[in-house]
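Peer 1: Residue numbers (the working numbering), protein chains in the order written: chain X, 352 to 426; chain W, 690 to 1316.
Just so you know, the hints here were simulated from the structure itself, not pulled from any lab data. Glycine included, each C-beta is placed from N, C-alpha and C at the ideal position. Accuracy of the hints is not assured; some may be wrong.
[Said to hold, decoys possible] Listed below are several chain W residues computed to face chain X (Cβ distance under 7 Å; list not exhaustive):
#1 Tyr-747
#2 Pro-752
#3 Pro-754
#4 Leu-779
#5 Arg-782
#6 Asp-924
#7 Leu-925
#8 Val-928
#9 Ser-929
#10 Leu-1000
#11 Ser-1003
#12 His-1068
#13 Ile-1160
#14 Leu-1161
#15 Glu-1162
Here is what each chain is made of, one letter per residue.
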Amino acid sequence: MRLDEVEPGKTVKVLSIEGGRGVRQKLADLGILPGQLIKVVRSAPLLGPLMVSGRNGTFFIGRGMAKKVVVEEVA
Amino acid sequence: MKIVLIGQPNCGKSTIFNYLAGYKAITSNFPGTTVKFHESRFRLRGEEIQCIDLPGTYSLSSPEPAEKEARRFLINEKYDVIVNILDASLLGRGLELTLELLELEKPTVLVLNMMDEAERKGIMIDEKKLSQILGIPVVKTIAYKGQGLTEMIEAVIKAKAENLKGNPISFSRDVEEIISEVMEDLKRRDNVINIPLRFLAIKLLERDEEFLKLGGDGLEESRKKLEIRHERPSDLVIVSERHALAMNIAERVSKVLTIPQPSLGDRIDDWLLHPILGYVFLIFIFLGVFVTIFQLGKFLEEPLIGFFDSLEGSLSQFFPEGGLRALFQGAYQGFNSGIGIVLPYLLPFLFLLSLLEDSGYLPRVAFLVDSFMHKIGLHGKSVLPFVLGYGCSVPAVMATRILESERDRMITAILVNFVPCSARMIVILGLVSYFLGPFYALAVYFINLIVIALSGSIFSKFYREVTPGLILEVPPYRLPPLRITFKKVWFRLREFIGIAWPLLVVGSSVLAFLQHLGIEDLLNKVFLFITYPLGLPQELGVTLLLGILRKELTLLMTFQALGTRNVLEVMNPSQIMSFVLFVTFYIPCLATLAVLWKEIGRRWTLKAVGFSLSVAFLMGILARLAL
């Protein structure tokens, strides 16, 4: 599953990140790294960005970027 | 002594800088307010201190231009002490940067800022233990209250005197092995660059382009080893290691006393970021700002102008009829329109802009409008420079540095010039709103938004590229202390008082004198190519020239040129609209041109000028035809 498909309110575990070094670095700066848990708090309408929170704070992330993050749901 | 302030975005570097140096850097509650260095010298405890405030950076490998510049400074420049500031409520994340900074092998002080926010979240930090682990002094501060800053300076002096460079923190054994392997390899080469070896080795393993350029090829084998063992790209291996280390240290030195409850901010977000209500609030907040500025401005303007006008006749009598009196009258009008016309609108505007910036609402606007911005080929983050543009185009153009892609930066920098800055706001309110009513002024703003959106689509048709998309940290909501808001308003107001106001006085008296001599007719003839097709009185020609110096001049010079404050006597509503629309879009002012030139280069600046002139003509003529 990709991060952009996660329903708001759900917490997921990051499995891997697809994309170049720039994208990886950008996401890593905000704590989106393989193995980390993050929660999708809400999403903006009309395929707008997601609001995601994790141990490294809360941030907005666009759908295009979210598509590159492979995640799995945690119970 | 030279010290460098560095830390992740929105951790309060500039607040600390301002506290030490006096208010010299704009602070706001969103990441990326500082995009260039601020520098200041001051004396503290008998010591001459030179302090540099660097743009916020998440890590020393961030791809954003402002962050890269911070890194370049840290590596190439000479300084004595690194002052690493972090948001104590995000200790783990902040420490990731700290670990990287320790690799630079410079005396360092760690500042845990925003202790009040951390305590509110129930986070207790044992700074002594943290100091032991890292081997550098650690101090706790609450910067906006000035708490702990004396201790900070003492720690800085101590770090320099005792050369406290900290303990290198080790990664896992297998990673360390490869790092030493690379270091050995680098040692054998002759082209030693003046960079700490371990730092360089790690950056090369991370495949950092800037260091790869300096050499360091032939390390592919080491990287491969790392990648095979960890089953992920080598840069991710290092970043993950650092992340785990930082989290581990954070856990050892801090305790979370309370289970975090949904905070007030989360509940506010439920309303302000609501899929429908969020947009209703957005519109109301911006309309509210507009109406407040307009009403307050008008309320203050009328009595002030009345007062100055009543004095003019009696004061003029002190000057003999002729050139001298014309000069005086011009200067007097320039002077009093500064107080009477500009300040009434500018003050409430600057005040509200500061509140908006510091509240933390603006990044949320980026969230709300991101999908609309995609329609014009940009993304939500461009909203920040746009909103700043309502204040002044100069910082707005500089703020485009927070965008990752060069294409986004160019397009945003050009479009940002169309956003009516506070000086153009004076023209819109003073001419359109004052003579035709506030709805017409709102219409100008609305038309302006549409033109920006259309121009955006045109540009993105020509410069197709998939933008990397939005990624933006959400700051907490904050109510800024009034003291800081006032300082910020004053900081921006000084710009008007120091530069624009004197120009108003000089410009106004020069124009009055030219009129007296009858020379200004000649200049007006030159500008017929604008005034004629737009159907404007040709006296306005010279005001357009002065408007390039400072946009406020346009309004005040209009009164001067037409010889009356009651513009309706000589211009009909259609002419007023046409004129104001033209002024809103035509050439950016001198200061903006200068910063554009620096930020996006000559070619793009010329493009921006050509494009804005054409749009201005088009809008002016459309207004003439439509009304």
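Peer 1: If a hint holds in the structure, say so; if it does not, say that too.
Peer 2: Structure-based check of each hint:
no.	hint	verdict
1	Tyr-747	4 Å, holds
2	Pro-752	5 Å, holds
3	Pro-754	12 Å, violated
4	Leu-779	5 Å, holds
5	Arg-782	4 Å, holds
6	Asp-924	6 Å, holds
7	Leu-925	6 Å, holds
8	Val-928	4 Å, holds
9	Ser-929	5 Å, holds
10	Leu-1000	54 Å, violated
11	Ser-1003	60 Å, violated
12	His-1068	6 Å, holds
13	Ile-1160	5 Å, holds
14	Leu-1161	5 Å, holds
15	Glu-1162	5 Å, holds
In this structure, the earlier hints numbered 3, 10 and 11 are contradicted, and the remaining ones agree with it.
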